[in-house]
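Chain residues, written in single-letter form:
Protein chains: 2
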Amino acid sequence: MAVKTIEWRSDSVRMIDQRLLPTREVVRTYRDYKGVADAIRTMVVRGAPAIGVAAAMGVALGIKGFAGKRAETRFNTVAKALRATRPTAVNLAWALERMERVLKENLSLDPAHLFRRMREEALAIYREDIEANRALGRFGAELLPDPCTVLTHCNAGALATAGYGTALGIVRAARESGRKVSVYADETRPFLQGSRLTAWELRKDRIPVTVIADNMAATVLRGGRVNCVIVGTDRTAANGDVANKIGTYPLAVMAHRHGVPFYVAAPLSSIDLECPSGERIPIEERSPREIAEFAGKQVTPKGVNIFNPAFDVTPAELVTAIITERGVAYPPYGESLRALKERA
Amino acid sequence: MAVKTIEWRSDSVRMIDQRLLPTREVVRTYRDYKGVADAIRTMVVRGAPAIGVAAAMGVALGIKGFAGKRAETRFNTVAKALRATRPTAVNLAWALERMERVLKENLSLDPAHLFRRMREEALAIYREDIEANRALGRFGAELLPDPCTVLTHCNAGALATAGYGTALGIVRAARESGRKVSVYADETRPFLQGSRLTAWELRKDRIPVTVIADNMAATVLRGGRVNCVIVGTDRTAANGDVANKIGTYPLAVMAHRHGVPFYVAAPLSSIDLECPSGERIPIEERSPREIAEFAGKQVTPKGVNIFNPAFDVTPAELVTAIITERGVAYPPYGESLRALKERA
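Chains as they are written, first to last, in the numbering used here: chain H, 3 to 346; chain C, 3 to 346.
Hints were generated in silico from the structure; no laboratory data involved.
Some clues are possibly wrong.
Where chains are identical, the list cannot tell them apart; a pair therefore holds if satisfied intra-copy or between any two copies.
What the hints assert, rightly or not - Capping the alpha-carbon separation at 30 Å, the derived lysine-lysine pairs in DSBU-like fashion look like this:
id: 1; residue 1: Lys6; residue 2: Lys304
id: 2; residue 1: Lys304; residue 2: Lys182
id: 3; residue 1: Lys304; residue 2: Lys206
With the sequences and hints as input, model every part of the structure.
Below, the structure written as structure tokens:
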């Protein structure tokens, strides 16, 4: 894997600082859960699956040296700090629940063995995420023509996951299957995940990529320049409503208007059957500074109001298919998502 | 007028450098037509009506010292240089044609008198632009409720015109009529006319403004946060198709989806009856650097492709009304625009 988003090494968590890409490749090392929580909040690491993996590793670091009742109390403190970082991606809550289950089954272990077991679970989440992406990628690739040009938004790539990627995993799998594939990437304001991260990791894999401003996607779709849109998701509700990076909803509307299939790459860990519809998904608002400043330089006049929602919800009726590691779900999603998620 | 976009002073043209706003207010002085052409091309000055005024003043500077046949030849050279700067805004061609008519009627004058006459015509274009904006603003303001929140894209304000503005002229007129009015401004990538220019001039007039990234407009529209959308236009075709800053088309689609009126503020100088429909409007593509770099800092990996169309076309059926200085045009625009434009 050319890109190492997150790694467990010598009882610390290492992450590439995604705020500095593509111009600087700096790897940060975290030895306690507070550092991991900070890294998630400040977007050193981002992308729903990667956040889930980071949180699991954070729990393992946090639990080190504890056992029994004290480990349970400690877990609550650690999980609270991690849960407070970012509200929209369900993978974070999903990973914390999974780590909690393992903890409760192993409260009788001594601190060293409990830590080893928790670390093992975090690493399992890490490995399973990559495997899920590869399986999801193969299912998705079968939907693509050859040659194929894909429009994507934000970064649902190796950098958003333990590796390989969800939306970009489909692109990679299409290439591995011998298809000729290229990508249009929305730059994705305000954090520029598209121009900075998607372009960077596709360049590393020598997959042709063209960057556009978000407001140019409608022109690309109208001009017949792409065969499909593929995006990731931070949380998909039981009815198929898709929360994803701000700007996904208008992209889906434009794709629908121009008859272009709109696919969502959704590992099962990002599908929240407890959440009936998109209206119930909490939408994070982030700091005004993300829009008011760039690289420390002021771009809006001082004192101007800023509204900075980080996600939006695409209604299920605009989604052509939802691609998971267990297969492709089609409407009605209420049934198809549950069937895939509950399959043994 | 708090904002001086462009001014004729002592036989030179002065413009505020819009590339440096809002952090630096630098006024540039141009003494020949080549400087004016450069200023238009590099976007020291931008906005269709302002470009028209700048071109007229550029012709006046260019014609100085010429008369008779030599003035005609000189005009061709000057007009060619100015016309080559930016293809989409029809105001540029419109201003050049008007200056050419005056030139042809006055070829018998000596150089000093011909220059004076041409200067007079350029200043008439300047004054008439402000008057047109004020009249347009009054017609538009009548369409707005009280209180009213307007969503706008790019900058169709004082900085895009000789003064007062088209879309923002309507906002100003609404305020002058006693209405309580506030604005959401798309930041407008890649040149950030919204966060830099619209926010700056509204702040100067103490009109409340909230800046969003372009991809957040759909969330603002869905959330019922605005009463209408108002944008300017670089060229409106005879059938009512509207060319305007890239991102206007998806904004119109989203406004239509959410039942929000979509108004175009179009001085008659920007309505091109010779152009039957939007398909015939030339769309400028600008330098990849506008997207590859942000405030002089590289944001995309080196060697990545960029697609940077500067405008898009909104089909007439998405436009609720087109507001001119002679009144408001409603569909079918083929009739209503011609009636307004040809009225004595």
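Against the structure, the hints:
1. Taking the closest pair of Cα atoms, lysine 6 and lysine 304 come within 30 Å of each other only across two copies (20 Å); inside a single copy the shortest separation is 38 Å, beyond that limit.
2. In this assembly of identical chains, the alpha carbons of lysine 304 and lysine 182 lie at most 30 Å apart only when taken from different copies (22 Å versus 48 Å within one copy).
3. Within a single copy, lysine 304 and lysine 206 get their C-alpha atoms only as close as 39 Å, which misses the 30 Å cut-off; across copies the closest is 11 Å, which meets it.
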